[in-house]
Amino acid sequence: KAGVTQTPRYLIKTRGQQVTLSCSPISGHRSVSWYQQTPGQGLQFLFEYFSETQRNKGNFPGRFSGRQFSNSRSEMNVSTLELGDSALYLCASSLGAGGLPDTQYFGPGTRLTVL
Amino acid sequence: SQQGEEDPQALSIQEGENATMNCSYKTSINNLQWYRQNSGRGLVHLILIRSNEREKHSGRLRVTLDTSKKSSSLLITASRAADTASYFCATYAGNNRKLIWGLGTSLAVNP
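Chains as they are written, first to last, in our numbering: chain A, 11 to 125; chain B, 524 to 634.
Calculated from the structure, these hints are not laboratory results.
Glycine residues also receive a C-beta, built at the ideal position from the N, C-alpha and C atoms.
Please note that a few of the clues may not be correct.
[Claimed, not checked] Derived DEER-like restraints, expressed as beta-carbon distance ranges:
id : chain 1 : residue 1 : chain 2 : residue 2 : range
1  : A       : 89        : B       : 528       : 31 to 37 Å
2  : A       : 96        : B       : 532       : 20 to 26 Å
3  : B       : 528       : A       : 15        : 29 to 35 Å
4  : B       : 581       : A       : 123       : 33 to 39 Å
5  : A       : 68        : B       : 579       : 23 to 29 Å
6  : A       : 77        : B       : 540       : 43 to 49 Å
7  : A       : 64        : B       : 551       : 22 to 28 Å
8  : B       : 591       : A       : 92        : 38 to 44 Å
9  : A       : 37        : B       : 541       : 34 to 40 Å
10 : B       : 591       : A       : 73        : 39 to 45 Å
[Said to hold, decoys possible] Here are the simulated DSSO-like cross-link-like pairs (lysine-lysine), alpha carbons at most 27 Å apart as the crow flies:
id : chain 1 : residue 1 : chain 2 : residue 2
11 : B       : 593       : B       : 579
12 : B       : 549       : B       : 593
13 : A       : 67        : A       : 23
14 : A       : 67        : B       : 549
15 : B       : 579       : B       : 549
16 : B       : 593       : A       : 67
So here's chain A without its partners, still in its complex pose (with noise of 0.2 Å):
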């Protein structure tokens, strides 16, 4: 099966521009989660969806929103987008049934860099 694909790879941005990310996950796998890793506070959880639904929420801003759609492919959108976003942003599919969290495989990342 092919991975986890995430375009784009590199993004570069200014200050209140936006930006949006997609992700297009395992062949099969219903649930979506995005994460943003950064030198100083690694890896943090942004987000989930599951069948196009949003399961869980990390403590970031408004700002920070995302979607599912039906076959899966998920997209994540940063709005005013400021200094401190820049980052890697990963995204990790999933089967996401049942009731335990199960293994999660992570795309590549989009590098993110706001000027």
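With chain A held as given, fit chain B onto it using these hints.
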């Protein structure tokens, strides 16, 4: 805030030696996972250990879990240069599906 804290922050060893990394966490967990991240292959899942398990093996990897001490360790035996990477522990707690991460241990294996 981080759930897990890895120790040491950085580790440098020679090829063939064993590497041990530790992870401590704060709250009760459902399972604990170890991941590896390097520039070539991104973030890769290594092993998952459930809260009712004490030890698990996968190839050259051995993971232990002590829920009474809220800690886990990852042992890599007979290390190789290709094991050079950052290693993270991550936990799920309760019914929460948020994966909470430590800041990682940076491992350098010198040929």
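Structure-based check of each hint:
{"no.": "1", "hint": "89(A) to 528(B): 31 to 37 Å", "result": "holds (33 Å)"}
{"no.": "2", "hint": "96(A) to 532(B): 20 to 26 Å", "result": "holds (22 Å)"}
{"no.": "3", "hint": "528(B) to 15(A): 29 to 35 Å", "result": "holds (32 Å)"}
{"no.": "4", "hint": "581(B) to 123(A): 33 to 39 Å", "result": "holds (36 Å)"}
{"no.": "5", "hint": "68(A) to 579(B): 23 to 29 Å", "result": "holds (28 Å)"}
{"no.": "6", "hint": "77(A) to 540(B): 43 to 49 Å", "result": "holds (47 Å)"}
{"no.": "7", "hint": "64(A) to 551(B): 22 to 28 Å", "result": "holds (25 Å)"}
{"no.": "8", "hint": "591(B) to 92(A): 38 to 44 Å", "result": "holds (42 Å)"}
{"no.": "9", "hint": "37(A) to 541(B): 34 to 40 Å", "result": "holds (38 Å)"}
{"no.": "10", "hint": "591(B) to 73(A): 39 to 45 Å", "result": "holds (41 Å)"}
{"no.": "11", "hint": "593(B) to 579(B)", "result": "holds (16 Å)"}
{"no.": "12", "hint": "549(B) to 593(B)", "result": "holds (7 Å)"}
{"no.": "13", "hint": "67(A) to 23(A)", "result": "holds (25 Å)"}
{"no.": "14", "hint": "67(A) to 549(B)", "result": "holds (20 Å)"}
{"no.": "15", "hint": "579(B) to 549(B)", "result": "holds (21 Å)"}
{"no.": "16", "hint": "593(B) to 67(A)", "result": "holds (25 Å)"}
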